[in-house]
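Novice: Residue numbers (this note's numbering), protein chains in the order written: chain A, 1 to 302; chain B, 1001 to 1666.
Hints were generated in silico from the structure; no laboratory data involved.
The reader is advised that the hints may include incorrect statements.
Some but not every residue of chain B turned toward chain A, in silico, with C-beta under 7 Å [to be verified]:
id, residue
1, R1384
2, L1388
3, A1450
4, S1478
5, A1481
6, S1522
7, L1583
With the Cβ distance kept under 10 Å, some of the chain A side facing chain B (calculated, not the full set) [to be verified]:
id, residue
8, D3
9, C75
10, V96
11, L143
12, D163
13, W167
14, G169
15, L277
16, R281
Just so you have them, the derived chain A footprint on chain B, three or more residues with Cβ under 8 Å [unchecked claim]:
id, stretch
17, 1320-1326
18, 1629-1643
Model, not experiment: these values are computed from the prediction.
The beta-carbon is built from N, C-alpha and C at its ideal position, and this holds for glycine as well.
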Amino acid sequence: MIDILVHIALALGLPPLLLGVIGKTKAAFAGRVGAPFLQPYYDLARLFRKGVVLSDTTSWIFRAGPAVTLAATLCAGLLIPLGRHAAPISFDGDLVLFAYLFALGRFFTTIAALDTGSSFEGMGAAREVSFACLAEPTLFFALITLTRLSGTLSLTPMLNHLDLSVWLGTGAALILMLTGLFVVLLAENSRIPFDDPNTHLELTMIHEVMVLDHSGPYFGCILYGAALKLFLLGALFVNVALPFSTGSSLADWLVFVVGMLALSIAVGVVESVMARLRLIRVPQLLVAALILTAFSLVLVVR
Amino acid sequence: MATGGLAINCFVLFCLAVACQGASGLPLLFSRGSNSAQRLSAFLMLAGSCAGSAGALWALTAPVPLSFALVSGLPFGPGSLGIDALSAWFLLPVFLVTGASALFALGYWPAAQNPDSAPRVTFFLGLLAASLTTLLLVRHLVLFLVVWEIMALAAWFALCTEDEKPEVRDAGILYLVTAHLGVLVLFAMVSLIASLTGSYLFPAPGTLPAQGGLAMAIFICALIGFGLKAGVMPLHVWLPSAHANAPSHISAVLSGVVLKMGIYGMVRIFSCFVAPPPWWGCTVLVLGAVSGVVGVAFAIGQHDLKRLLAYHSIENIGIIMIGLGCALLGQSLSAPVLVTLGLAGALLHVLNHATFKALLFLGAGAVIQAAGTREIEVLGGAGRRLPLTGLFFLTGALAICGLPPLNGFVSELMIYLAGFASLQSSPGLLGALPVLAVPVLALIGGLAVACFVKVYGVVFLGEPRSPEHLCAGEPPGSMLASQALLALVCVLIGVLPLCVARPLENVLISYRGGGEPQALVSLLPFVRISLVAMLLVVLCAAVALWLRRRSARIPTTVSRTWGCGYLQPTPRMQYSASSFGSLLVGWFSTVLRPEVHKVEPTGSFPGPAAYRSHLPETALERVFLPLLEYLYEKSALVRHLQHGKLNLYIVYTFLTLVVLYVLTTR
């Protein structure tokens, strides 16, 4: 029971901190002091109090988009285990539901973008759905590999099954898979090298373009949902990458939080040392990730 | 020979349904152009659907396999009718979709405005529904072919309702040719089965040996003959134009139900074999994967609303075939989990696809009627003028993408789990083959989301792109009621999938011809899925409500869409459907072969530029038509036999009969 409460508290509270850590890392690389770690929380609080500007072409879809996207992501948050703990909801096939809840969120984000009638936002929506077509099979290849290793169809036993002995046995396959998962993590969350989350205009090709017309609490929901999505896909990555169980529940939670913070630093480092890819290169990188995870499957099936 | 009074009642209900459906076209024939006659015929169709659905549900929950022998004295032995859970399962979409379509026709094809075509389309819709119902009850192969032919022709007449338009006639001819090619192959299949079993009755489940050349020939004939009807790639060439050019409520029946008869045929024939060789399952699986991916890729490039939906039917038939392939492979490898999940997923997807595809076609019909065009590129903003239609279309779009909490998710989840389960249960490379269904389904899912975001976004959202095609307003109540009914079924199966678990188990038993009940409930956590679905709905409502209350307390201003500083945007500047799909169409261009015509701006003072892209039916235009052309040229000599003189054709038939008689009685 306590574990479930900690799970919910972490899933609700931690995501904006990841954005703060990424920002701080980038600032450190650039030799700046940077915004405080808690800046994303302040941003959210401010957005929830700010006024709303609605476009006169929009309908209820525009307002429902952020709500459904956030709700779907929250739902997904109950399916993924954090650290060596069981997820609040777990059943055979929850891995498919986990992936499809993100697809539901994507559907509503993109139709909310199209509701404005802006060609700029349409462009972002088209890119979002097109790149997701390549990211989704990669995620599923990774899930198949994990199914093969653990012999279960549910995220909790699948991810808690991975320990040092599994890593020693199939380290090569797991490293390939983690590489693929990391690329998917960056692509799905519209980070560099796929998209530049810092700007709001021409440099930002995918996610920020789609939410250009959202403001106030609606935009707050979108930002929070995006942070949550980063947190959840990051949790999947960290669960595979950190195959340790200390035996103590509290220590496991700590290991998980440290792992998540380390992951955000890694994302920050990637964003600091890389430039955004040209649009034409994006599918190539995604296909490469797809093939890496397919390799990992071949290695464990053989 | 009947067993039990229950089963007799069930059979009486079906007879009543067939009678109502068949008679539904008569009132309009006697008083053309009368709206009350049309209402009477819709009432008859709905009454037939209600009676039939009650019978089908009865047969599914308390299955008593039952068969009736018809009068003997027919050639090929006495006819036979029967009901089992498998037929009853396929009857459900028949009654649901034909009933909804008949209701929709009241507003969509009113008799007063269409005094000439309404009687015809109503009559053939009724005949089509009656033949579909009968087809599923027939247990005699030759009778099956007769009813199959009636169904094909009734569908053809209904499809060619607007035969004054040349594109409708072209679509009709293509449909007729391919339908008859399919029937020819089915004739071969029927004779092969008869030579294997010595009888013209459908063999009982699990009674035929799957080894040997004869079994192989039956499998291939069934795959081609039924595949042509189902629209499996590359046999789908007739499907897009036929679905696009039929009246929308007929497209709903064609796509929702008539295609499924191909699937029914395959399931029925495959169920007769015991332990099929692995290559059967592999073939079906690969065909399914190709249909699924290529079908949806073609759909993304379309800008005719109904043609796009038609390509999605090919995609969904692909998903069904993937499930069926998993089940067949499971039979070969004796992995019962694979059989249960694959077949249950395929069968549930049959019902689901019938529901949401009919819903989408009816919604498309409402938009087309309101806007007067099928061309997506000139539509836009329909959601503000047709709010309810927009909501129903959104439900269908979410369901067809397989998104929770709607019905498409449940059936796709079963097929996903079949793929995942193959890794657990069966050893070897062959056993791991169904796992390839998983990334393929993920790719199909991603592409379907892209396509329906495009359709919904371009047609229902934003601003109208052309002043000539403003949507008039919400359609009449009958059209909304039929869509609401189908949308309700989508939500019901999505949120409470447990209600289909027991019927599906009974269908699986009837597929295997008895035996232990399959524990579908233990393989798929129906209750948890319901729980998450409800949680999702509650969370959505909670967040939306919170946002609403929050934004009521803060200032809200309405302004125009941010145009990056440009102050004179016009609706024509909105992102178009072609641009939305261009990225994906570009990735698939080696298969799709899009045709692009562009006049680019050149020089310092460029003249007007133009850009037009079109995605043709590549398989038809690049493979089949050149092939037929070649055959046509090479067969010039034989063509002298074909001169159009009916009396000589009858002589040919007579001579063939005599030759066959001499050959067989030697």
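Novice: A separate judgement is required for each hint: does it hold in the structure or not?
Specialist: So, going through the hints one by one against the coordinates:
Annotation: B/R1384 was flagged as interfacial toward chain A, and the flag holds, the nearest CB pair being 5 Å apart, inside 7 Å. For the restraint placing B/L1388 at the interface with chain A, the shortest Cβ-Cβ distance is roughly 12 Å, beyond the 7 Å limit, so the hint is violated. For B/A1450, the suggested interface contact is upheld, since its CB lies about 4 Å from the closest CB of chain A, less than 7 Å. Violation of the interface hint for B/S1478 is found here, the shortest Cβ-Cβ separation to chain A being roughly 25 Å, above the 7 Å cut-off.
Residue-level restraint check for B/A1481 is violated (minimum Cβ-Cβ distance to chain A is 22 Å; threshold 7 Å). Of the supplied interface hints, the one on B/S1522 is violated, with its beta-carbon coming no nearer than about 10 Å to a beta-carbon of chain A, more than 7 Å. Of the supplied interface hints, the one on B/L1583 holds, with its beta-carbon coming within about 4 Å of a beta-carbon of chain A, less than 7 Å. Because the closest C-beta pair between A/D3 and chain B is about 19 Å apart, greater than 10 Å, the hint is violated.
The closest approach between the C-beta of A/C75 and any C-beta of chain B is roughly 5 Å, which is under the 10 Å cut-off, so the hint is satisfied. Given the 10 Å rule on beta carbons, the hint for A/V96 holds: about 5 Å separates it from the nearest Cβ of chain B. A least Cβ separation of about 8 Å between A/L143 and chain B falls short of the 10 Å threshold, and the interface hint therefore holds. Taken as an interface hint, A/D163 does not check out: its beta carbon lies about 20 Å from the nearest beta carbon of chain B, beyond 10 Å.
Because the closest C-beta pair between A/W167 and chain B is about 20 Å apart, greater than 10 Å, the hint is violated. Against a cut-off of 10 Å between C-beta atoms, the interface hint on A/G169 is violated, since the closest Cβ of chain B lies about 17 Å away. Contact between A/L277 and chain B, as hinted, is not supported at the beta carbon level, the nearest pair being about 15 Å apart and thus beyond 10 Å. Because the beta carbon of A/R281 sits about 13 Å from the nearest beta carbon in chain B, more than 10 Å, this interface hint is broken.
Residue count for the stretch 1320-1326 of chain B with a Cβ under 8 Å from a Cβ of chain A: 0. That is fewer than the three needed, and the coverage hint is violated. Requiring three or more residues with a Cβ within less than 8 Å of a Cβ of chain A, the coverage given for the stretch 1629-1643 of chain B is violated, as only 0 such residues are present.
Checked against the numbered hints above, the structure breaks hints 2, 4, 5, 6, 8, 12, 13, 14, 15, 16, 17, 18 and satisfies the rest.
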